[in-house]
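There are 2 protein chains.
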Amino acid sequence: MPYLLQVDFPYQGPWGKEMASASRDLAESIAGEPGLIWKVWTENQAMGEAGGIYLFDDLPNAEAYLAMHSQRLKSFGVPVVNAKIFQVNEALSRIDRAPL
Amino acid sequence: MPYLLQVDFPYQGPWGKEMASASRDLAESIAGEPGLIWKVWTENQAMGEAGGIYLFDDLPNAEAYLAMHSQRLKSFGVPVVNAKIFQVNEALSRIDRAPL
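Sequence lines, in order, name chains D and X. Going left to right, the first sequence walks through residues 1 to 100 as the working numbering numbers them. Going left to right, the second sequence walks through residues 1 to 100 as the working numbering numbers them.
Just so you know, the hints here were simulated from the structure itself, not pulled from any lab data. Quick caveat, the model's predicted, so the values are computed rather than measured.
To give an idea of the chain X side of the interface with chain D (calculated C-beta under 8 Å), a few residues:
no.	residue
1	D8
2	I30
3	D96
Sample of chain X residues lacking proximity to chain D, with all beta carbon distances greater than 10 Å (derived):
no.	residue
4	Q12
5	D57
6	P60
7	N61
8	A67
9	H69
10	F76
11	P79
Just so you know, even glycine gets a beta-carbon here, dropped at the ideal spot from N, CA and C.
So that you can see chain D by itself, here it is in the shape it has in the complex:
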């Protein structure tokens, strides 16, 4: 059963293409995380926030990633990490074309 992890935190850039260059190695590392199905990278320069939406194959993998990633973000100087883990309602999501 897939689980969704939503993460956001205060962030001051870089943004857009510069963010993509700065975080390419990190994205390649994340692609190999156990149980990761996909991650959408999010950013909002006007609000000064960034984050990610992740789909994992099960709850233990989502929880283990969140614990590791929270520590990593703090090591980058991120002061607070907002995170929630949800089950996915697959029947409703499929009606709305969700890529599960």
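Put chain X on the given structure of chain D with help from the hints.
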């Protein structure tokens, strides 16, 4: 350029299959919203929360949906709606297999 809308709110059920039955008509309506690419339906019975992660084709469609949906949730008795809209960093997301 795709925009991601994350929404969650206090929710007391129904959950799982009962939630799917109760919200099937709503999901079919949401599938036809202007600019919606997909929605993942989320739920967490232990935390008493539910929500959705949406991908829209542009910012005006995401903002218009959020305004409408917030009013709808309030009409359902939802006391508070947590919502954030983000740009998607497409280069990083594609490295992590994101379905954009």
